[in-house]
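Asks: Residue numbering for the sequence shown follows UniProt numbering, starting at 1 and increasing by one per position.
Derived from the structure by calculation, the hints contain no laboratory data. For clarity, every value in this text was computed on a predicted model and none was experimentally measured. Do not take every clue at face value.
Said to hold, decoys possible - Pairs of lysine to aspartate or glutamate, DMTMM-like flavour, derived with a Cα cap of 20 angstroms:
{"hint": "1", "residue 1": "K57", "residue 2": "E32"}
{"hint": "2", "residue 1": "K29", "residue 2": "D60"}
{"hint": "3", "residue 1": "K29", "residue 2": "E14"}
{"hint": "4", "residue 1": "K57", "residue 2": "D31"}
{"hint": "5", "residue 1": "K57", "residue 2": "E14"}
{"hint": "6", "residue 1": "K48", "residue 2": "D60"}
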Amino acid sequence: MNISPNSVVALTYELHTTNEEGQQVFVEKADEQNPLVFLYGVGMMLPKFEEHLAGLKTGDEYGFELSAADGYGEIDPGAFADLPKSMFTDAGGEVPNVSDVIPLQDNNGNQFRANVTAVHDETVSVDLNHPMAGKNLLFSGTILNVREATQDELAHGHAHGADGHSGH
1 MNISPNSVVA LTYELHTTNE EGQQVFVEKA DEQNPLVFLY GVGMMLPKFE
51 EHLAGLKTGD EYGFELSAAD GYGEIDPGAF ADLPKSMFTD AGGEVPNVSD
101 VIPLQDNNGN QFRANVTAVH DETVSVDLNH PMAGKNLLFS GTILNVREAT
151 QDELAHGHAH GADGHSGH
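Based on the sequences and whatever the hints tell you, model everything.
Replies: Put into structure tokens, the structure is as follows:
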């Protein structure tokens, strides 16, 4: 079976980015013991990632690069903020350190993470961009399995494991 909408895909991957010197930097991987399993074509994965996998089948190897724009976007210069130190200390917490990743929530209850870039006398500066924003993504791996999604998976909008019975 070839990868197509509403199929469940299990694959391995290695993800690298490129640093300022043009050298590849390892980010993460999924191996045969812990593969990435997902329902193809329902918007769970980056659209261009899925586009590169279209039509592949079990055993196929792949390798491709996504530009920052096709990955997590370019760095948004408007996605930096200075938060008052009191928002951390008033609740009895501690002021975070530079390079800490902190959980935040907006007024609508949406949760996200921010990277602390500086700590000043009265404020904590944070970067709200996705950690992979502004970076090209280099993927390589192997398709381990492709199967039709079960009715439950289609109804729930996500894969229930490589065998279709894990999860819920």
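Asks: Could you run down the list of hints and mark each one as holding or not?
Replies: Consistency of the hints with the structure:
Restraint check for K57 and E32: satisfied, since their Cα atoms lie roughly 16 angstroms apart, inside the 20 angstroms limit. In summary, the hint linking K29 to D60 is supported, as the alpha carbons are separated by about 17 angstroms, within the 20 angstroms threshold. As the CA atoms of K29 and E14 are separated by approximately 4 angstroms, the hinted pair is consistent with the 20 angstroms bound. A hinted pair counts as satisfied when its Cα atoms are at most 20 angstroms apart, and K57 with D31 qualifies at roughly 17 angstroms.
In summary, the hint linking K57 to E14 is supported, as the alpha carbons are separated by about 18 angstroms, within the 20 angstroms threshold. With a C-alpha separation of about 18 angstroms, the suggested pairing of K48 with D60 holds against the 20 angstroms cut-off.
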